[in-house]
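J.: This is what each chain is made of:
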Amino acid sequence: MNKITSLSEAVRQLVHDGDLIYAAGFTHLIPFAAGHEIIRQGRKNLTLARATPDLIYDQMVAAGCAKKVVFSYMGNPGVGSLRIVRAELEAGRLEWEEYSHFGMISRLQAGAAGLPFMPMNPTAAVDLELANPQYRTIIDPYSGGEVVVVPALKPDVAIVHVQRCDSQGNAQIWGIIGEQKEAAFAAERVILTTEEIVPEEVIRADPNRTLIPGFIVDAVCEVPYCSHPSYTQGYYDRDNAFYLEWDKISQDRQAVQAWLDEWVYGVRGRAEYWEKLGHEAHKRLQVKPRLSQPINYGSY
Amino acid sequence: MDTLEYSSSELMIINAARLLRDGDVVFVGVGQPNLACNLARRTHAPNLLMIYEAGVIGAQPARLPLSIGDPTLVSGATAVCSMYDIFSLYLQRGNVDVGFMGGAQIDRYGNINATVIGNYAQPKVRLPGSGGSKEIAAWANRCYIMTPHQKRRFPEKCDFRTSAGFLGGRAEREAAQLRGGGPQAVVTDIGILEPDLSGELVLAALHPNHSVEEAKSNTGWDLQISPALRFTEPPTQNELSILREDLDPQGIYIKSSGG
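For the protein sequence lines, the chains are C and E, in the order given. Residue numbers are given in the working numbering: position 243 of the first sequence equals residue 243, and the series is strictly consecutive. With the second sequence counted from 1, adding 300 to any position gets you the working numbering.
Just so you know, the hints here were simulated from the structure itself, not pulled from any lab data. Everything numeric in this text was worked out from a predicted model, so none of it was measured. Don't be surprised by glycine CBs; every beta carbon is placed ideally from N, CA and C. Be a bit skeptical, because a hint or two may be false.
Chain C stretches covered by chain E per the calculated footprint, using a threshold of three residues with CB under 8 Å from any CB of chain E [what the hints assert, rightly or not]: (1) 72–79; (2) 171–180; (3) 245–257.
Computed spacing ranges between beta-carbons, pair by pair [to be verified]: (4) L304(E) to I197(C): 54 to 64 Å; (5) N419(E) to Q257(C): 29 to 39 Å; (6) P294(C) to F531(E): 48 to 58 Å; (7) Q422(E) to G80(C): 15 to 25 Å.
The shape of chain C in the complex, shown without the other chains (with noise of 0.2 Å):
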């Protein structure tokens, strides 16, 4: 079944006011350009699940697409304080719910292979456990001691960017690869953002790469660099300074709202944005190719 539609449909389609949101991908592939679709579309109360809300979350919940956050380690990655969402918390304005990144991707885990929960071994910090009751403690029936649970995570709408996929939604990533996986099959609905479409024949030419198989996926969209400020192993490179330059921007709340304004509503989509950040930003952006050696899956 051919799945391609444009990433605004899938949104409009897909995204509901009041979902439970995981927008994957660990530091990479993060899928900025359908956090800004659904700033455009103007969804609310969302609860923004991620490991590391990351600037997607920040700018989505500045632009008040959100009513909670759920999440593992809350700064700027590289840089320091995530402002917004910080400051949405101190002043009680946000809804939380934390945990450490392996409670986290535990309960993703969970979602992914439906399971009501997940055990740990405990970790003797228990301040997080008592401060946030999804975490529970049970008795391990085996050997009688005792282990961490965390509850399955089952997102209404995953959201995952891939190096390439088929129009069927068979999608290879590579780099780091986080929780992507998990995240599309703990979700009820998947949205696939691509740098590529490439034919069925490149998937089937190296299966081993496929993470996310195209029957769990409802729309597959062909975003290139969709994934700017963050990266794509292999197309372009994270944007550090822009990440420096949001630490300044979020200090500011009209400075906010202007970058909205002019980054978010004032382009129609990813190809805009894209071409608006300029040739320099390109260049600077570029990688240069290091390819890995083709393997031999044998003709049977």
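Here the structure of chain C is known, so what remains is to put chain E in place on it, guided by the hints.
T.: Chain E only, in chain C's frame:
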């Protein structure tokens, strides 16, 4: 003779690097811990294996990584896995020798707060939170902490315990039966704190040109002095050159006082 000039960040990074052993499997963070590991790999620990929480094993970064998920960590690494795998197969399973920690507060027993100053539900200052540290502190064989030595960073007791040191004392950690050995050293810009038999952090070493009084007056509890107090060797020209010329040529992490 101590004639070379160096920043307090360089001093901490170099002393942290010296704590690493050849063959250690290290769970690395970005910034200063990353520099300490790369420096160790370039000097006395060529077989150091660097693991990043983003799911990268055996990274050999060709440039200075500016985030925990920098693409330079992947290119040339020996393996890449999911986050679930890195925390379960590698860390929880017991395959990590060393973890590096940081935080806003480190208390008398090496417990760390990276979550909140004030009340959790009504935060005065909200910090980033655990990330990987809750589990690293529990399950890595040895943990090292790097932080500037300031009174506000070393309170008697943390506002929030994000990750476990020796809890209320070594006996309490032992009773919890965590697989990791807990914090082994806190490297500051004044010296090195290490846990004594009770798990309390005491002054175990002083860097050149620093004093016991300075360490005591910058610590929030009545800092005890180890009977075997040592003095660290000053940074060498070789260590400083590797840091300045190869690892951090723009001085992003070595110029500041850190933290």
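J.: For each hint, tell me whether it holds in the structure or not.
T.: Checked hints:
Only residues whose beta carbon comes within less than 8 Å of a beta carbon in chain E count, and the segment 72–79 of chain C has 6; three or more means the coverage holds. With 6 residues having a Cβ less than 8 Å from any Cβ of chain E, the segment 171–180 of chain C passes the three-residue criterion, so the hint holds. Coverage of the segment 245–257 of chain C by chain E is violated in this model, with 0 residues showing a Cβ closer than 8 Å to a Cβ of that chain against a need of three. A hinted range of 54 to 64 Å holds for the C-beta pair L304(E) and I197(C), which are about 57 Å apart.
Restraint check, N419(E) to Q257(C): a C-beta distance of roughly 31 Å satisfies the suggested window 29 to 39 Å. Evaluation of the 48 to 58 Å hint for P294(C) and F531(E) yields a pass: the beta carbon distance comes to about 56 Å. Checked against the given bound of 15 to 25 Å, the beta carbons of Q422(E) and G80(C), roughly 22 Å apart, stay inside it.
Figure legend: structure checked against the earlier numbered hints; the only hint not met is number 3.
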